[in-house]
Every structure is written in C-alpha cells, then in structure tokens.
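Given chain A, put chain B in place with the hints provided.
If you read the protein sequences in the order shown, they are chains A and B.
Going by my numbering, the first sequence opens with residue 1, and the numbers climb by one from there.
Going by my numbering, the second sequence opens with residue 1020, and the numbers climb by one from there.
The hints are simulated quantities; they were obtained by calculation from the structure and are not laboratory data.
It is possible that part of the hints are untrue.
As the list claims (entries may be wrong) - Some, not all, of what chain A presents toward chain B, calculated at C-beta under 8 Å:
1. P663
2. S870
3. Q935
Quick caveat: nothing in here was measured; it's all calculated off a predicted structure.
All C-beta atoms, glycine included, are put in the ideal place defined by N, C-alpha and C.
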Amino acid sequence: MNPQEQINSKQYWRSAAERNGHVEQPPLPGVTRRDFLEAAGFALSLATLSGCDRAPVQYALPLANQPEGVRPARMRYFASTCGGCAAGCGLLAGVRDGRPLKMEGMPEHPLSRGGLCAVGQAQTLGLYDSHRLKGPLKDGKNTTWKEVDDQVAAELRDLAQAGGAVRVVTSTITSPTLQQAIDRFLKQFADGRHVVFDPVSASAILDSHEQTHGIRVLPRYLLDKAKFIVSLDADFLGAWIAPVEFTAAWKKWRELPRQASRNDHAEGVPTEEHAKPEVDMSYHVQFEPRMTLTGSNADRRIRLRPDEFGLVLSHLLQLVAKHAGKDIAADQLAEPPVAPAELQAIADGLWQHRGKSLVLCGVNDVEVQVLVNHLNHLLDNYGPTLDVQHPSRQRQSDDRAVEQLVTDLKADQVAAILSVGVDLTYNLPPDAALHDAIKRVPLKISLAERHDDFSKRARYVCPDHHPLESWLDAEPVAGLFSIRQPMINPMGNTRSALESFAAWSGNQIQPLDVLRAYWRDNIFPRQQEVTDFTRFWDRAVHDGFVQIATATTTLVFQKDTAKLVSQAAPLDGLFLLLYSKVAIPDSRHAHNPWLQELPDPVTKVTWDNYAAVSPALARKQGLVDNDVVRLSVDEGNAIELPVHVQPGQHDQVVGVALGYGVPGTDRFAAIGPQWIQSRPTVGENSLVGVNAAPLVKLADGSMQYVRSGVRLEKTGRRHTLATTQLHDSIEVPASTRPPGSHGRGVLVQETTLNEYRGNPSAGAPKEHPFADQLWSDDHPYPGHRWGMVIDLNACTGCSACLIACQSENNVPVVGRDEVHRHREMHWIRLDRYYSGSESEPDVIHQPMMCQHCANAPCETVCPVLATVHSNEGLNQQVYNRCVGTRYCANNCPYKVRRFNWFNYAHDDTLENMALNPDVTVRVRGIMEKCSMCVQRIQEGRIESRRLGQSLADGSIQTACQQSCPAGAILFGDLNDPESRVAQAMNDARRFRVLEELNVQPAVAYLRKVRNATKEEQGV
Amino acid sequence: MRQPYVTAMLVIGVLFAGALFAASVARQRLPDDHQAYAPQQPIAFSHRLHADELQMNCQYCHSIASESRHAGIPAGDVCIRCHKFVTAPFDEMHAEARRADEEKRQPKPVVSAELKKLYEAMALDAEMKPIAGSEPRAIRWVRVHNLPDFVYFDHRAHVAAGVTCQYCHGPVESMQQMEQFSNLSMGWCVNCHRDAAEHGVQGKPANPSLNCSACHY
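Just chain A, same shape as in the assembly (with noise of 0.2 Å):
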C-alpha cells in the first residue's frame, strides 16, 4: 500500500460509542393519533388566528438632532478594547442606530491581530441582558448613588479612625487608571491591600519567576518566535490566559506557502522552473491529562497523569542540562511515565531549537513551574521567546494573598471588604466557617453587574457598567496601553468602578476626566513623539491603542540548581482536574445563553459541565454517557455529574469544567420554545450545571485545580447531555447504503509534513472523473463568483467563527432541550473528527456550512423555489417564499441546513436589541443556512458603487472570516485571478467535501498538514 492510501484508509470517529459502533439513536417521540390530530387542530386554528392580524400604523421617528457623521442605518466602528477576560484584544466595535450590534477584531492590533474568540463577540448580549442590576442597592432594596457614597464615605472614615483592615478583591486588573484609583482608595487606610484573585489562577507562573528571576512576573509567550512548543497541559489555543494573541503567533509557523499541485504542473510548465518555496512549520507537543483543544491541535499528544508533569519536565531538564554541558545533580528519577526514546527525541529538538522553543506549562504548581523556568533558561529562550522586559499583565493572581485573605476573614481581621469584577464566595470552596466570618464583616461592597453570590450577602451592591458601556484602558502587556471607550449611555443607573472608588476616595470626578488625567501625567510623558497632549489622546482614542517604549531592565537568571521531583506519587487512585472551558472562562460568562449553547470545542456539550472520563475509565467503572456520578474528594465536598465519555483522556483522570452552576442561571430555565413536550434547560439544581468550585482546594499557597484521591460513585440516576456530536451525520448508515457501496469517501483530508514536502498534493484521495455531466453548463457567472477557502491547518476549532455568525445571522438560541432533539440553529457546525485509537486518537477540525454547492442538491427537490441558485454563486435561502417542506434538508448531503421548530424569538425586547436589523428574523416552519453573509456582500457592493469604485479584494468579509484568530478562512470572488482565495482554490493541498458526489461546492478546504511522523499517527 503506497503511504497516500495509507493516510486516507484512515478511519474517521466521532465519539467512543460511534468507534464501536453502538451509537444510541434517540428513541422516536411517541406521538398517538389522538396527540396528531390534537396538535393539528390547534395548528389550524392557531395559524388562522394569527392570519387575521390587522396592519399596523408603524411611525418613523428622526432624531431631534443628529449628530455630526451619524447616519441612520449605518455601522460605524469604534476601536476599543474588548472586555470579555483580562487578555485585552482589539475590539472594532461595530454600533448602529445608537445600539453596539457587532464585535469584531482589530486587525491593527499587536496582540490580537484581528481575531476576536466567542467570549469578546458575545459581549453584545451581555450588554442587552435584562437581569443586570439596574442601580445601586442596600440591603437588597433600591437606593441611591448619594446615598449609598454618603453612607459608605461615612462608615469608610470611621474605619479609617479605627484602623480597621480594608481588603478590595478583584479579578487580574490591566487598566492602569483603575489600579491608580483603587491604590488610591485603598491609600485612606491603614491597613488597606488589593487581593487579586482570578478563578482560574496562573498565580504559580508569576511565583516561580519570583522564585527564578527575583520579581513576580508573567512573561509574555511569543508563540509566533517558537519553532518547537512543549506545552504542559497549557490550553493556550483554547482558555489559557490570552488564547486569541496566542493562536494568532502559533498560526504564523502552521502558514503553508501557496502551491499549485502537480497537476498543475503537468499542464505545460515543468516542475524544475518553479522555484520550490520554503515549506516550514512549527512542531507542538503537548503533555496533558484531558483533551484541550490545544492538544486537540498538536503534532504530538501525550496522555499524562496530572501529577506525573514534575517527573517529566526533571527528566526533560536533565536531558538539556547533558547537552548544554552542565550535570544536574540529580537523585535516581523514577522511570518516567514517557517512552525514554521520546523524551530523548523532544529534548533532542529543544536543543537543536534553543532560542527558538519554548516550553509552556499551565500547571498551577510553584515547583513544576521552577522546572519549566530552568528549562526555558537552559535553552536561552528568555529574551527571544519569552519576554520578560515587557512581561504580561493578563494574570496577575496571588493564591497567597488570597489564602491569606481567607484566613483574616475567618480570623475576623478584615472590617470592609469589597468585590470587583470576581464572585469571591462562588469560587472559593465552601466553607461554613468563611460563609460565617463574611456574615460578621462589617462592610461588604459588590461591585457585580449581576446578583452573584456576594452581592447577595453584601451590604452595598454597586454594580459596575458592561464594558462597552464604560471609559476606562488596559495594559495588557507593558508597553502596550490601549483604550476602552463607551459604546452606548448606560442603560441603568450604573456607575463605572472607576468613578466609584473615586467617590470613596473623596473625589467626585467622571470616570474620562481620571481616564484623561492618568494618560496626561503618566502615559504622555512617556513618548516623544507627539508633542500637544490633546492630539496623542485623540489619536489613541482613534486606534484604540498606544504602543510606548519601556524602560527595559536586565532580569538575572538567579536560580542556578534546580530541584528536581524525582518521584510521580505512587497512586492508583483517580485524579481529578478542574479546568475552564472555552465558551465559560468564569462564572461571569454563565449568563451568555450564546455561550452557554456553543458546543464545545472538543467535546461537543452544550449547556452544562460534566465528568469528563476516557473509555477505558468508564469500561472499568461500569459507566456510559450521561449516568450521573457523585464525586468526592477526601475531606467530604462532593458534587454529582454526569458522565462525558471522552477519547484521548488519561485513564486516572475525571475532568470538570469550573463556572458552571452559576446563581441566576435558573432563569435558563424555559430559555427554549415551551411545548407540551419541552423539558426545562436547567438541571437538578434549578441551575445550568453544577459548581465545582467546592473540589478546588486552597492551601499552601495555591488554588489547586488538581486533586487526587478521588472516588467517584454511580448513582444510578441519568442526565441526558445535549451534545451535538453526532447530529447531522454525514456518514451514510449501514443499512440504508446501496449494495456494494462503501458509504461516503474521506470527509477530512490530512497530511504530514514529509509527505507535503516530496508532493504537495500527498494526501488527496484517488480522482473521480465526471465522465457525464447530469447538468447542462447553462448557469454562467457573468459577474462575481462568490466562494470560500478553509485552512485546516490553521483552523483550531476555537469556534469564534460560530458566535460571529450567531451574532451577524441572528440566528436563535434554543435551549438544551431542543439541542437535544437536535435542533440547534447554528449555521456554522465545528465537524471534530477523531482517528486512530480511543486511547491516543489524533483530531482534526472541520467548520462546516452551507457549501452554496453549484449542482446543488437542495434547489432540485425545493416545490416552491425558496431555495435558488444566484448568478454571483450563492445558493439563496428565500425565507418568504419556504413554506417548510423540509425537502432541502433531507436531500443536503452536508446537512447544513437548519428548520424553525419554533417561533424562537421571544419577547424580551432587550435583548431583541441585540438583533442585526439586516438579517431577516425567521419565523416558524421555514428553513434557513448559511447565506455567505449576503447582507454584506450586498453592503459592499453597493457601497462601492455608491463611491464609483471597483469592489477591491478583501473588502467584503465574512462574519466568521473577520473573527477568525488564525485567519484561517478567505472569502471573496472566483472570478478574479488575483483575488485571494482564488488563488488558494488553486492551492496543491485544496480538496473539497464529498468531491465524488459532483454537487461542485463553492466552498473548498486545505488539507491539514502535520508535523509529525507516521508512526506518531498510529497509522
């Protein structure tokens, strides 16, 4: 068998039961005649109903006075910062009529470069949610803003007389104008400190540098510098600390030259005159206990037990150490837990790659990070890749300052306390005797935008704007200082932390006037560049960001012996790993019913956590999908879960994802459509998941995400997981296959980087020539021939793509219920497909949508014509003419078309703002897909014309493209030789889904390329 065929008799998986070939159909609804005929009635007698609806008088209303450069209807974009996580991308916020609709990347910005992940676009919903709070509380009732500040300025004082301890806890700060106010706030006291916590904390990377480098440091990773990446259970691509900077540099090393394909050359020029460009890519290991979507995304995954990384990385720093010449004096290692030739093999590469390498760890443990630090030293990446002279500000937790709190808390040494921006008792463990000292804290101020679980037993509640509705700026990495302004008055009677801590300082002032004041005396004096103050605040306004020399200092390696861990505990034991996903970063995202509906990447679940758990755990236990188990941890918090079979995880490992559970998530409680048959999208506890907070322990110094010793219990109960992993299969079952057919041909293509660089087509499947054409070629493309290019080497599944489009399409949230049913809305489905052993399978991503095919299916069987081909390309879904046949969806063969079960739009007019007013609302019974974002295609279109210009290359972009942190899809016109993605339809790696079916899809992909060796992939 020649290596090609090898790689395409790949078998292609998308969950353990369906690798086993048991995959549990859902069972068909029980419908009686009587329960037909019922529904019928009411459908008849509904539908004539809402038919006698008269029309309406409808009103224009004009402004009173428009303001300079407003136009009704148009999107103008602001650049700002986004405020979904403390990473601090660049934000073009996009606001029409008044209303922030859209967010999308800068692609000026040095850390995000135009990408934005699903937590910075879903923001907008965020903003138009109803159960914010609407203005300060105290005691639970409404106040306000004067008496609240005098009340609090004047217990504040006697504080200050009586010296008691003020403690303001918030999640990691960048903004420096805030840090000033609180610093200044906090300056009144004697006692006072700022605690920084961060749920999901990387307190042990900023340890460690104390410990190596003598200052507490996060250094910024320059993944786009690094060739050989070890990453030890990072989830840098997916939830780890800034996962759009970081995909946006790891992608620059996955970039493949264009290459046309040997066929190609076969037409007249010969190979030897092209000159073969230079084929390089990056190599990325990753060491993990579960399956990330980083290691979703690696050239090498090794399953590792949470405890097994110190043993690792002492075995992997000895290996370095030989070669750079110096011995580490080292105790007998224990036999590591890796194939000695493998570790031989990745030290081996990280020597040939020093200064070019880098090693990440996402580890939340002091002593496995001081490894790292020495590893990352012997290979000279200080400097090159990890910079330290401008480190990172995006995590700065200290798990000491919070345990410390927590002890002065219960040892009733804390007199004010107040929260902002992190629900401090959610994400702590419950403790009885903490929920106690907080009840006898005399002041309790939160800050929450929403009722969380301090608020609640706070005293003052004084809710902070939503990002997009505040001045304030970032200071993401040093040196970089960029700006968030207001994209809307606020919609309540809400007060900028910013101003609040100004007020309690004893300054009434507005929170631009402090925003301007910080830039002018801190920020100005720091460039040369321009002179007149006015004019470098309006420019950094207008970019949104500055970039400003820093004053570099020379930080000393000062560690010079390492103190290996020779010994992995000797345990049979489970462990337990808490981690955060990649929709919910932390329980402030809870509310998003966007993110709460994203299938995950990786595991396809949408609206709840669950107990993650490999095949063969779950064999060995007796567990299958959904069964609900109890976890329990030594000292007697346990929590119950369902089960989520998952390939590629570790046999000792039980995975569950943190901000689940949330106070206030029961109002998902009837999110979908309310049928007789609808079930609620809440679970046992009235609320979206379960809070795993009470598993996380802090101690020594540490929020610890990784716990051994766990027992996990059946408890014969079930809760049905929606997962959207096997909906909308393409694969043709067994029995409904044509005789002496296989089912359907490779659906993913992929390569390896050997195989790429003899032939740049290697891995395409065998051609399939259409001898006959079913169809006549009357259907020319006079003008321009829309079409889309994937990069599946690029793409990491991240699912930006797929809020952007839900944000752009208004496409509906339908709750857990109906995701179930498997009706969920999205026109963009994350395909993950797994391949070779349950164990160890390799993975690959693939966005599907509408593939606007030109022989398309769908139009054929249409009775109506609601679905049509244009002469620009696009298969066109026409909402008013679809009366709901279905037709279409049955005869797509990538099952990408989408049915309103339901009227899905609801009456909560506030967050109805949130609607693109281009994009038809659908209604019930009609079909609906990817359009290619028609609205704005045709936007850019007309735009052009309107300014008598030719419609440029790039001009007119997707959603999902515009969002995409790896910049992995092209969109624009066939027809144009020089446009880019006509050039990457003629790439040697573009292949197209189900080619042999001859439907000639508008859209193509490129064939992934691993860096890694056959006998890695298990083939």
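For chain B alone, coordinates are given in the frame of chain A:
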C-alpha cells in the same frame, strides 16, 4: 308555533352578529399593498410647498438617501435651519411686518399653528431659544412607505444608479399630503430591474441584480 319565531330570532341574531363583525372589520385596514396610503401626519407638512413652490431639492432634506439604506426623514434640526427665520406663511409674516410699519412698532412674532408643533418638539421658545429643562424630542411621523421585514431596499444603490426619486415615489412635489404612489410590490420592483438591465437608467448602463438575495436575506 314557536318554531318560526325562534328561527327568526336566531337569524336576526346571526345577522346582527355578522353586522357587528363587518363593522369591526371595516374599521380595520386589511393587509394589502397600501397604494395611495396617505395618512394624517402629526404636522401638516406640504411637499408641494417645499419641493414645487420653493423648488427645494429632495436631497436637501433627505440627504441620507445617497449614503444609507434609508432615505431618512430629516431630523428636527434640519427643519430648524430654515424655520428659525420662517415661522409662518410668507403672507402672514409680510402682513404683520406692514402693519407694524404702519403702526410704527416692532413686528410681533407670527407663528403658524403647524410650525408651533415643530418648535414644541424641538423645545424652542418664541425667540428660538432652548426652553430650560425641556428636552427636544422626536416627531412621531407616520411611516408611509413600508416594506415587509424580509425585504431589504437600499436607497444608496438607486440614487447612485441615477434613478430619480419621482420614479418610485411619484410626483411628490404635487402632494399636499404625502401618499404612496407605487404599489411597491415585488413584481413592480422586478419589472424595473429587468427593464434597467436592458435599457439602463436614463441612458446610463446599469447593472441591476435579478437575484433573490439582492433584496431577500
């Protein structure tokens, strides 16, 4: 012999109910294409006066038409640009000025009843000064041209192609009260697009789309 009475009573009852129903239906405007719809507006603005007698260009007030999907009803401050000075019909202002001249006094401000509504909305007093404590508010114009929610019409494209306003909106300059001239049905749109594809717009070649997704998305 009560049977006929009962029947008669029932028939009368049904007729009465039918009449009530018909009366209630008659008051409602059933969905149709709204051609010739000319609702009463909150201010009796006359396009005939402005566009015909005063020869004002359409896009002087509807300036957004060339830049946005909507032609836009002008904001209140656009009206005020002229009506800061013109507070009543010319005849009345002129008559008052003459009277004042004869009586050797300052002319009194003459404000017409319709323009008074504008000043009230814009929170301006008789001397065109903002009234303290009062916010300008939008004027609640009744929308005349109204397409279904699944249709997207763009003024920009049509203005850029050289389609005159009157082509769709009719002789607006002769309308005392604005009314819908064309029926704005899909057939009417498509016919014009077909025609323009063949003959161009006012002698200029045009490239109108006949794709469904030109308007429906």
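Hints, one by one, checked against the model:
{"no.": "1", "hint": "P663", "result": "violated, 38 Å"}
{"no.": "2", "hint": "S870", "result": "holds, 4 Å"}
{"no.": "3", "hint": "Q935", "result": "holds, 5 Å"}
Of the hints listed earlier, the one the structure fails to meet is number 1.
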